[in-house]
Amino acid sequence: MKRTLGVCYYPEHWPEAQWAEDAARMAALGLTWVRIGEFAWKRMEPVEGSYDFDWLDRAIDTLGAAGLKVVLGTPTATPPAWVVAKHPDMLPVDADGRVRGYGSRRHYCFSHPGYLAECRKIVTAMAARYGSNRHVAAWQTDNEYSCHDTVLSYSQSAAAAFRDWLRQQFPGQGNDGDIDALNAAWGNVFWSMDYDSFDQIGLPNLTVTEVNPAHAHAFRRFSSDQVVAFNRAQVDIIRAHSDAPIAHNYMGRVTDFDHFKVGADLDIASWDSYPLGFLEDRSGTSDAHKRAYARQGDPDFQAFHHDLYRAVGKDGRWWVMEQQPGPVNWAPYNPAPLPGMVRLWTWEAFAHGAEAVCYFRWRQAPFAQEQMHAGLLRPDSAEAEAFEEAAQVTNDLADAPHVAPVQAPVAIMFDYDADAMWAVQPHGASLSYFGLVFDWYRACRKLGLSIDILPPDTRDFDGYALVLVPGMMHMPDDLKTALAAAHGAVVLGPRSAARDTHFNIPTPLPPAWPGSDLAVSRVQSIRPDMPIDVAGGGQVIGYFEELTGGGDVVLQTEGRAPVAVRCGDGVTYMSGWGDDTAHMRLIQAIAPDLDVEIMPEGIRRRATGNEVFWFNYTTQDVEVEGEKLPPAGVLRHVRPAMS
Amino acid sequence: MKRTLGVCYYPEHWPEAQWAEDAARMAALGLTWVRIGEFAWKRMEPVEGSYDFDWLDRAIDTLGAAGLKVVLGTPTATPPAWVVAKHPDMLPVDADGRVRGYGSRRHYCFSHPGYLAECRKIVTAMAARYGSNRHVAAWQTDNEYSCHDTVLSYSQSAAAAFRDWLRQQFPGQGNDGDIDALNAAWGNVFWSMDYDSFDQIGLPNLTVTEVNPAHAHAFRRFSSDQVVAFNRAQVDIIRAHSDAPIAHNYMGRVTDFDHFKVGADLDIASWDSYPLGFLEDRSGTSDAHKRAYARQGDPDFQAFHHDLYRAVGKDGRWWVMEQQPGPVNWAPYNPAPLPGMVRLWTWEAFAHGAEAVCYFRWRQAPFAQEQMHAGLLRPDSAEAEAFEEAAQVTNDLADAPHVAPVQAPVAIMFDYDADAMWAVQPHGASLSYFGLVFDWYRACRKLGLSIDILPPDTRDFDGYALVLVPGMMHMPDDLKTALAAAHGAVVLGPRSAARDTHFNIPTPLPPAWPGSDLAVSRVQSIRPDMPIDVAGGGQVIGYFEELTGGGDVVLQTEGRAPVAVRCGDGVTYMSGWGDDTAHMRLIQAIAPDLDVEIMPEGIRRRATGNEVFWFNYTTQDVEVEGEKLPPAGVLRHVRPAMS
Amino acid sequence: MKRTLGVCYYPEHWPEAQWAEDAARMAALGLTWVRIGEFAWKRMEPVEGSYDFDWLDRAIDTLGAAGLKVVLGTPTATPPAWVVAKHPDMLPVDADGRVRGYGSRRHYCFSHPGYLAECRKIVTAMAARYGSNRHVAAWQTDNEYSCHDTVLSYSQSAAAAFRDWLRQQFPGQGNDGDIDALNAAWGNVFWSMDYDSFDQIGLPNLTVTEVNPAHAHAFRRFSSDQVVAFNRAQVDIIRAHSDAPIAHNYMGRVTDFDHFKVGADLDIASWDSYPLGFLEDRSGTSDAHKRAYARQGDPDFQAFHHDLYRAVGKDGRWWVMEQQPGPVNWAPYNPAPLPGMVRLWTWEAFAHGAEAVCYFRWRQAPFAQEQMHAGLLRPDSAEAEAFEEAAQVTNDLADAPHVAPVQAPVAIMFDYDADAMWAVQPHGASLSYFGLVFDWYRACRKLGLSIDILPPDTRDFDGYALVLVPGMMHMPDDLKTALAAAHGAVVLGPRSAARDTHFNIPTPLPPAWPGSDLAVSRVQSIRPDMPIDVAGGGQVIGYFEELTGGGDVVLQTEGRAPVAVRCGDGVTYMSGWGDDTAHMRLIQAIAPDLDVEIMPEGIRRRATGNEVFWFNYTTQDVEVEGEKLPPAGVLRHVRPAMS
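Protein chains in written order, with the numbering used here: chain A, 462 to 1104; chain B, 462 to 1104; chain C, 462 to 1104.
Heads up, a few of these hints could be off.
As the list claims (entries may be wrong) - With beta-carbon atoms standing in for the labels, derived distance ranges:
(1) Lys1089/C to Asp994/B: 21 to 31 angstroms
(2) Gly745/C to Asp610/B: 24 to 34 angstroms
(3) Thr962/A to Asp610/B: 25 to 35 angstroms
(4) Arg581/A to Asp625/B: 53 to 63 angstroms
(5) Ala843/C to Gly1020/B: 15 to 25 angstroms
(6) Asp921/A to Ser891/B: 50 to 60 angstroms
(7) Ala556/A to Glu509/B: 26 to 36 angstroms
(8) Asp610/C to Pro866/B: 14 to 24 angstroms
(9) Thr1080/C to Ser891/B: 47 to 57 angstroms
(10) Glu1088/B to Gly745/C: 53 to 63 angstroms
(11) Gly745/C to Asp610/A: 52 to 62 angstroms
(12) Asp918/B to Asp841/C: 27 to 37 angstroms
(13) Pro866/B to Asp610/A: 49 to 59 angstroms
Stated by the list, open to error - The calculated BS3-like cross-link candidates involving lysine-lysine, where the alpha carbons are at most 30 angstroms apart (straight line), are:
(14) Lys530/C to Lys463/C
(15) Lys751/B to Lys751/A
(16) Lys751/A to Lys547/C
(17) Lys941/B to Lys722/B
(18) Lys751/C to Lys751/B
What the hints assert, rightly or not - So the derived list for chain A, only partly shown, Cβ under 8 angstroms to chain B, looks like this:
(19) Gly663
(20) His676
(21) Ala890
(22) Asn965
FYI, nobody ran anything at the bench for these hints, they're computed from the structure. Keep in mind that this is a model prediction, so the values were computed, not measured. Glycine included, each C-beta is placed from N, C-alpha and C at the ideal position.
The following block holds chain A by itself, in its conformation from the complex (with noise of 0.2 angstroms):
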């Protein structure tokens, strides 16, 4: 697959007459797609069941004139407002019970059988008008699921679709469920708790005090199948006029639905990378870091996404839907991105195996709400500093292979279920499973290491060197076992295995793993200003379980408590939340074979089939490969193709 470039493009903001000479820019500009239309249901269908496709027929075929490639977006995470006046109902409720009102986006509650149906209607319309329209390459299916914490709404509808949801988790007689199942799976004894009937049980928010994490965990599945079908609808509609290729646009640290699951109805994955903006507003990183990165962002947070999305894609196709391409308008503070940062982020996405990278978008609209946000033009058509830029990659692209997939030799496995435990339990303030994960990607890439990140249902390890499953709360007997089997080393720990399915702590303790009596004794959170001290280097932070059982003790505390225990052939269990220097030495440990090297600071790495690239993401020089490599720059070298 070639690697190319896009744009995303709003022609129903702009004069017609500018449309023929946007896409003549665009396509000298070397760029391959534009992605149109996610936004734009009331120019499509301005009064119930009026369409007016004329505009947009008009745009295609601008557009496809001019040899680009569309990537059509369903409108529906913008319903007009004769929508929202025809199902008063739709909104979408918070947690603190406030109606989530109309005037921005993402105003529906995925549970509202009525708005379903709206969504059905104008997703037929234009896959039966656009189907098999000859430059609609590409569809994706409304726009970034769960921005602004859209995913988890507590209406009538959710309740009543939580309800449904639940007599199908615990099936009884005829169409009820089975009451006392769900009693007794929940632990509902506990304070009395338990319900009568399924029509009793509401939704975990506003209780006195803290709902049942059983409770709470349910609905936080509950959404998130909610969200895989209200996806789906508009797959099976799409796939029946269309053989074009349907993606979503995912968002950045964004875990409160199983991407894997809508993942495995779509046929591409595309992410919204907005490093700045990100790094300042849900990295939850130190200010000092945030200011050693502030123009260039995080050094890891794209490149774990990279890496999930490839994983969340079918066949591992993935693209970056909307790049950041200067200053964002919705971070706490928003500067421009050091110069070179928009071209190493289009890189380093195709070092990860990216097909294409968009640009969010082509030209700065001068009005509403994103009119601080950067375009490839400003407002009056110039060209803004990521234009250049884009230009550069377009040139870097002439030489360059294409997209040449290979399997890393660590293998990190994601599990948004266990997210959510996480979420519903931190147990100690501030922390999360994302957070766990994302701090063991950092400390592989930290030794220079490419990753693979796995989905929870992978059972195949072959080839992976290393395999670590951090934090995953519940793990299902069949995956023990097929961890077990691994040839890698595999890493466990904290939290693996500490739940069934439904929230209860297992007998025998966790992690129960097979032919081991290694057990997790006691669990504390500690005081972050509080670390606990690694013999030999690194320390424990935040959270802590005491041990017994178990084999060979791999690292432990400068107070002789087990910190990495043996718990099997080639497996360990790590009973901390360790830091990068722990991380590090654990892995350097128990997987010496890896070919590891520590980068310099700010330096990252990553190999594909046929390349081997360097980051720069520093403001300074960093001497690199015998190489002077500047501020923001990208080595890229070229080694034969190996599996």
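Chains B and C: place on chain A using the hints.
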């Protein structure tokens, strides 16, 4: 009274087949008490009016047969779903107007008459069945009144009851109250806030800006009275059927109802002592202090509540009903106790006069909200760390004397109504009455003093060398008279006698001490980073009053403003909130005959009638009385009985 | 106009027997004015339509007989309970959708027609009775519009009125507006947000993510207009009955309505100056700054408002209607003023042209919300600390000249609409228009300059050596023309002229200065801990624009990016938010003829037509003009009158 141990147990959580073995292990551990039943309403009354006590009969029989005494709890903190379905408006409402829903516990408004009737029914059924059961040796009403901030409810039921309560406070013609009297008492003329009738009076939440403090304060008094009435309703029923003593288990740092008034209806006060959770969650101390005591708890917090609840208990009878045995689940960070602390906490309770200390809980539950809360046993029934420490206490107790009450040399008055007044009008950010009294308590403890806490209706101060009455905003005249006549040194202020009973500043200006012209002329709250130096050592922090009149100046600022001034024979008024040094200096200056001894950092001393105890709250060995006291160490010297 | 003193008094709070003595003491203190009545609606109209003015007649007679002049306030900030009972939907609603209830003050929505009618009735009754009373020498409308954030109300009344207001802004056929024009002006195409009719338009709160800034901004303009209309209704009634001047008492740092528009209907502007409360509560300054000025107040905050309200007052007439006399009750910390500060604050007001300074309040109230707010008298009628300082001012005034207005050398434009625009779109956390303008003001003051603040409709800049127009996001073309023609140096930016009137980015890009190709090419907000160094000294903080075009570069960053650039004859555009040093350097560079003098830390200078004042805001002696000025000291040099 013999010192005894006990445990909290939930037979309904475990297979019946396990009960006998559990009971045997409890007895073997040396436990005397087992508290059961307080969350089991749904098991006792699965359907309205249809009781099932058979299982509870068997559980009590099993425990009793093992030699254990049962404390039987009424289950009114956890009304089942059918109760809420029958009385949907029984749910409490928070200050933001949000209904606090079903799904956890304490989901009831104290003012709802329908819910009170349901409580009477279940308590009557339990009392009738178990009132003469030979194994039921004590009762507990409900569970942790006010936990999860459940005393102040802003429901319609509360509003109606509040109006009726006000009619009683300001009685008028016939059944109605005298609204003019209320308007005058509250100063409603201030912003044209006069009411035409009691029907116009709302709850003091969600006003545009601050509400009249008299209004807010009346609501707090009312809310406290609702708890008293709710508890009394249960007590009256139990007493009609049982001679066993009745207790309630209070919480730490809960001040929003008058425990003395609730306690007056009960036989035994008890409280739930979670030293590590309280340190992180509600101690209000600095991060450095939290780090120093993260695994031991604040060295004065438990002792303060021991002394407080000894005063709340009838004739000084009090227990620890729930003692933290390991990590809890509910604080921001949940570390494990330092080895030895569970024993130390237990002995500290005995040193302060506890009859019994019960561990919470027997076995860690693998399900529901508290699955991360340690017990004496792990979920797999293996012994957890605290088990061995409890066994050690059993061993220690073999040759220990019985509870020997003795009057302490120092008394501190504690007035829940004053705490309400400070809560309504802190004047400075984060200032509280509890905090002020606790700071005085800590200063006394750093001087090695044992302390009695006195209820606000105390008028006999005989035998106390020092009586501290800081911050008691309303002081009745007869209290002033009694304090003026006390033989020991008396310390007032700041804010003592600052308001009349309806929250008005009296004239002559406070403290209006009999025979003194001392007056608080002006009041300041000061930034935490701008303490005022006291000449000779110590500082005034947070709050400072300027004084006129009065007698000798005992302490003054570096700028020669009076800080502590004589206002009567043996009576000193302190105009500022002092730090420990300032408080200790004042005590030494005005009560020179007290047997004080500066305690080493983190060491605390407590004398009973026939023993002296030292406790090491630090993580280091400390030399005490010529011995090396290890971390978590307890030193006990038996001495001849003395009054 | 003679400089005079006054006081705020509430005869309804005190026994009638006390009035005459109070009046005599006021007169003896040298006071001229006594403001009364503004919270006494319930006393004037205890029952709907039944007036009781007898007590007020007697109060006015008593005060007048003592030689005092009465400022009579309309009581519409405190509608009595019966008004709310009659109009339950008159209560304001906050942005979270919560009704802001009865029980304090300002509990009305400006858009409620029923409440407006009630106001008209009480004001008519007062005006009819006192319009020709010889002692009523001035009026005050309502009290502190916007205090407690009461301008923006999200009620149903506000929504209906907002839609009507929009119909006026976008007039169409018949009575309805032109919804297409609104959609086009707001760029509603962006996210399919086009409305089909005005009836669909909601208020801009509780949307899923940020609302269209054009929508939010329109709502702020509307809300401001509602205040103007509400105030005008009262003014019209009073004028029909009285020739006395009418004032309103504005607050500090309140920017959510256009004071210039309200002021245009009044005769005198006044404001309520609480230097210590404002420093802690709304200065937005650092802890170090707050510590340095905790007992003095920010050295520029009062002066800024004096200059601002001089511009708001018709013909420059303005007062301080409420002057802090001691600790207040409402800030996080409420220290006492440094001795002398009450006098300093009073003289500073006179130095900036105040006709009168009235202390709030005569006697500290021992009841209700403000019982911790100091007065000139203590609650027991003894003199409080401020009494003596007021007496000293009376003494000072004996030989002081009258108010002598003079044009300052420096002008700063202040535009409430620009503040609304920044509030809607700050772009960086905590950035505000007020903050930017205030930083410029402070820089001028550190240079010893006197300043005039100008309303945004100013077109004549004659006589100003320097005109500062930072951050004025929308600039009408005729303002640009007038500034381009100004004789003095003009400073624009950042963000000046950045938007058209409907919040769109104009093309050509801002500032689109006549005759210049200077353009803001890209905009960044930057972390507070990442300031950008300006070559030669100073820093850019918070906000930074990248420029193209323009003329000479006056300031640039260390990295040679332009910071201040010429864009016309005498016109300079500053692209960043500078620190004091950067601002001071620019002023000195572009206006070299200004008579600047770097003030010692905490010393401020102000010149009137015939005097020069220096004020010592520090806690140290400082040498000024060869004299040692003590803390809180005021130095006044009389000079020959000059223009």
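How the hints compare with the structure:
Between Lys1089/C and Asp994/B, the C-beta spacing of about 26 angstroms keeps the proposed range 21 to 31 angstroms intact. The hint said 24 to 34 angstroms for the Cβ distance between Gly745/C and Asp610/B, and at roughly 32 angstroms that hint holds. A hinted range of 25 to 35 angstroms holds for the C-beta pair Thr962/A and Asp610/B, which are about 34 angstroms apart. For the hinted restraint 53 to 63 angstroms between Arg581/A and Asp625/B, the CB-CB distance of approximately 56 angstroms keeps it satisfied.
The hint said 15 to 25 angstroms for the Cβ distance between Ala843/C and Gly1020/B, and at roughly 22 angstroms that hint holds. The hinted window of 50 to 60 angstroms between Asp921/A and Ser891/B holds, with their beta carbons roughly 57 angstroms apart. A C-beta distance of roughly 32 angstroms is found between Ala556/A and Glu509/B, which places it inside the suggested range of 26 to 36 angstroms. At about 55 angstroms, the CB distance of Asp610/C to Pro866/B disagrees with the hint of 14 to 24 angstroms.
Between Thr1080/C and Ser891/B the C-beta distance comes to about 25 angstroms, which lies outside the given range of 47 to 57 angstroms. Our hint of 53 to 63 angstroms for Glu1088/B and Gly745/C holds, since their Cβ atoms are close to 56 angstroms apart. In this structure, Gly745/C and Asp610/A break the distance hint of 52 to 62 angstroms, their C-beta atoms being roughly 29 angstroms apart. For Asp918/B and Asp841/C, the hinted distance range of 27 to 37 angstroms is satisfied, since their beta carbons lie about 29 angstroms from each other.
Distance hint check for Pro866/B and Asp610/A: the Cβ-Cβ separation is about 57 angstroms, which falls inside the suggested range of 49 to 59 angstroms. Under the criterion of a C-alpha separation no larger than 30 angstroms, the hint pairing Lys530/C with Lys463/C is consistent with the structure, at around 14 angstroms. Annotation: proposed proximity of Lys751/B to Lys751/A holds, straight-line Cα distance about 28 angstroms (limit 30 angstroms). For the hint linking Lys751/A to Lys547/C, the alpha-carbon distance of about 56 angstroms lies beyond 30 angstroms, and the restraint is violated.
Note on Lys941/B and Lys722/B: the hinted pairing holds, with a Cα-Cα distance of about 21 angstroms set against a maximum of 30 angstroms. For the proposed pair Lys751/C and Lys751/B, the alpha carbon gap of about 28 angstroms is at most 30 angstroms, so the pair holds. About 6 angstroms separates the beta-carbon of Gly663/A from the nearest beta-carbon of chain B, less than 8 angstroms, and the hint is met. For His676/A, the interface hint holds, since its Cβ comes within 8 angstroms of a Cβ in chain B; the closest pair sits about 7 angstroms apart.
Interface hint status for Ala890/A: upheld, as the beta-carbon distance to the closest one in chain B is roughly 4 angstroms, under 8 angstroms. For Asn965/A, the shortest C-beta to C-beta distance to chain B is roughly 5 angstroms, which falls under 8 angstroms, so the interface hint holds.
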